[in-house]
Each structure stands twice: as structure tokens, then as C-alpha cells.
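**Student:** Please take these sequences and the hints and turn them into a complete structure.
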Amino acid sequence: MPAARETPTQAVRRRLKEPVVVLTVRATVAATLSYAVAVHLSSEPAPLTAPLTALLVVQVTLYSTLTTSIRRVNSVVVGVLIAIGFSSVMGLSWWSLGLIILASLTIGHFVRVDEFVNEVAISAMLVLGVTRLASQAWDRVLETLIGAGVGLLFNFLFAPPVWVDTAGESIEDLARRTRHLLVRIAEELGGPTPVERAAARLHEARRLDQAIADVDGALRQAEDSLRLNPRIREGQLSSLVLRTGLDTLEICVVVVRVMARSLTDLAKRRDRDEDLFPPQVALALEELLVHVGGALVSFAVLVTTQVSHSAEEAEDRLAAELSAARDSRDTVAQMLLRQVQEHPHAWQLHGSLLAEIDRILDELDLEHRSRRLMEELDRASVANRQRFEWLEGFRSLARGERWRRRRRAKRAPAEAGAGGS
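Quick note on the working numbering: the sequence shown kicks off at 6 and runs consecutively.
In short, the hints are calculated from the structure, not lab data.
For clarity, every value in this text was computed on a predicted model and none was experimentally measured.
Pairwise CB distance ranges (calculated):
(1) His208 with Val30: 37 to 43 Å
(2) Pro199 with Glu347: 19 to 25 Å
(3) Asp280 with Asp332: 20 to 26 Å
Just so it is clear, CB atoms sit at the ideal spot from N, CA and C, and this is done for glycine as well.
**Tutor:** Written as C-alpha cells, this is what we have:
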């Protein structure tokens with residue numbers, strides 16, 4: 006049944022929700038507001054550093070906006086300090102300019118400003134080349150702080166969207182593309198399969214690697230959107246569910262690629278007009294691969310579903326697909342065993358085909374999924390505890406617990422001596 010075509014209104018709404026459109030609108034508004042604020046606070050006639058900073062720091066997510074703001078302000082302040090230090094010992098000439106650029110780029114790597122390393126050198130050069138050094142340096146730092154502050158405040162007041170749904174759609178699309186490939190492979194098993202056609206399916210499986218990279222980028226964006234977002238209470242859990250789901254699908258895609266390679270090697274052993282499998286075996290394999298593809302899609306729907314009732318339905322569908330796939334797998338195993346007895350030269354490829362299907366079914370198994378998710382949750386909780394150990398030490402120091410322990414330790418030997426006497 007063909008999918009219904011979306012109306013122009015639905016198309017416009019879908020386009021407006023895309024990250025590129027959202028970022029464009031948000032950055033434009035934040036940059037304009039930062040310029041309006043800088044005009045009133047800075048002595049520069051055209052304080053363009055403020056909107057430039059706002060454009061750089063207003064990212065799609067609140068977390069990336071905060072981290073970008075810190076790196077941007079850090080790079081400008083370091084560049085200004087370098088310019089002030091150089092101006093006190095030398096003037097502006099070709100050799101001093103080269104020296105300040107070298108020093109700025111080197112120091113920029115040490116202060117970890119990442120993509121703003123060049124900004125350290127740019128700030129130093131712009132400040133060094135003016136006659137009113139102190140005033141220009143202060144104005145540049147002030148405009149940078151204004152741009153970063155407006156960008157942060159804008160994202161706090163108008164929280165950016167959460168990109169979990171977009172990442173979920175990418176994961177489901179990857180699963181459907183993999184299922185489509187399995188169905189196409191299954192449909193070609195019953196007839197003569199030239200090596201060229203089998204190799205084309207192998208190349209199609211390899212192209213799924215790029216799709217995995219795209220989904221990983223969408224998931225990283227979703228993970229950033231969950232951090233520091235006041236609208237999300239269980240961001241870490243949602244992030245782990247999606248991440249472990251993508252890891253499982255990535256393994257399955259790799260196994261499908263290996264399966265396509267096994268079928269290509271099997272096609273090389275057959276004559277061009279010879280069937281890859283007998284009709285009954287091909288029909289059973291087609292049914293098996295269709296069930297495996299359906300299990301992949303059901304698994305993707307399960308990991309991307311947020312509502313508990315819908316998640317239960319997706320889990321039931323996945324369990325049904327896995328059960329049907331295992332039954333089909335046992336039937337195919339018996340048929341391939343008889344096939345190997347008649348044609349023993351292909352037993353390795355037949356065995357590898359079954360092993361690859363078993364690997365996919367094992368990765369999609371519900372118990373395996375739950376166990377993997379619990380391991381990741383335990384690892385994340387341990388990492389969080391280790392991350393905030395310094396905070397516990399600071400709290401104990403603020404409460405005076407360390408000082409009281411030292412006093413008790415000094416008092417203990419004296420009390421022991423008094424008791425002995």
C-alpha cells in the first residue's frame with residue numbers, strides 16, 4: 006500500500022523542525038539581540054564581535070551552547086592577555102606579528118579551546134594593531150562576553166528542541182533499509198544469481214556503513230539536547246536506550262554485510278545459470294530472512310518508543326518475529342544439512358550463513374538486550390559517582406569533617422596513654 010503523500014502544510018512544518026532551520030532562526034535572533042545590547046554597553050561604534058560570538062555559540066542544543074561559550078570566551082581572553090604582554094615589550098612589525106601568531110596558536114592548544122585556536126591569534130592581532138590598546142582589549146572582551154551571555158540566556162529562556170525523535174527516526178530508517186536489503190537478497194535466492202548481482206547486494210550492504218555514521222551523528226545531537234535540558238528528567242536513560250540500540254543495529258548491519266559476502270562467494274562457485282539454492286531451501290531461506298528483517302524493524306521501534314504501552318506492543322511484536330525466525334532457522338538448518346551431504350564442497354558457506362543468522366537473532370534477543378542495558382546503566386552510574394567525588398570532598402571540607410578527624414586522631418594516643426597509666 007503506497008504511503009500517503011504529505012500536504013504542503015505538513016511539508017512546511019516538517020522542514021521547520023529540521024535542525025538546520027531551527028539553528029538558522031535561533032542564531033539570527035540571538036545575534037541581533039547581542040548587537041543591540043553591545044551598542045549600549047560598548048564604546049565601539051560597530052561592536053560586531055558580540056553578534057559574531059552569538060553566531061558561534063548558539064548551537065542546536067543547550068549543552069553545546071554552554072561548552073562553546075566557555076571555549077569562545079576563553080580563546081578571546083587568552084588572545085587579549087597575549088597581546089597586552091607583547092605590547093609591553095615590543096611594537097608591531099613583521100617579525101613580532103609572526104611571533105605573536107606562533108605564541109597564540111601554541112598557547113591555544115594548551116588551554117584547550119578546540120575549534121577556537123585560531124580565535125586566540127585573531128584576538129591578539131586585532132588588539133595589538135590598535136593604538137588604544139587597553140580600551141580595545143576591554144571592548145573586545147566585553148563584546149565577547151555580551152555575545153556569549155546573550156546566546157546562553159536565549160537558550161535558557163527559549164529552550165532548544167529535544168532531538169530524540171529525530172534520532173529515533175534515523176534509527177528506524179536504518180533498520181528499514183537493512184530489512185529492505187534482506188528482502189531483496191531473499192527474493193533472489195530461488196533463481197540463477199550471477200556474481201555481479203550478488204556483488205551489487207554486497208556493495209549495498211557496505212553503503213549502510215555511511216548510514217550508520219549519519220545515525221550516530223543524529224544520536225550525538227540528541228544526547229547533547231538531553232544534557233542540561235530542564236524539560237527532560239530521565240535524559241541519561243533515554244540516551245543509553247538509544248545508544249545501546251544503535252550499537253546492536255550496527256552489529257547486525259556488519260553481520261548482514263558478511264552474509265552478503267558469503268552469498269557472493271557461493272555465487273562464484275555456481276554456474277551462471279545454476280540456482281543458488283534448490284526451490285524448497287530458497288523458499289525457507291526467504292521466509293527466514295523476512296522474519297529477521299521484521300525483527301530488526303521491531304527492535305528499532307522498541308528502542309525508540311517512549312510510551313510504555315506502545316513499548317509493550319513493540320516488545321510483543323519483536324518476540325513474535327524472533328520466535329518465528331528461530332523456527333524458520335531450525336527448518337533451514339535441516340534443509341542445508343541435507344544439501345551439504347549432497348554437495349559437501351559448500352559446507353563452509355552454508356555453515357557461515359547459519360552462524361550469521363544466529364548472531365543477529367542473539368543480538369536482538371530481549372534478554373540479551375535487557376542485560377546489555379543494565380550493564381550500561383551500572384557503568385554510567387559508576388562514572389557519575391567518580392565524576393563527583395571531588396564535590397563530596399569539598400562538602401566534607403566545608404562541614405569541617407576533615408578537621409574533626411584530625412583532632413580525634415591527635416587525641417587518640419593521649420587518651421590511650423592516660424588509660425594505660
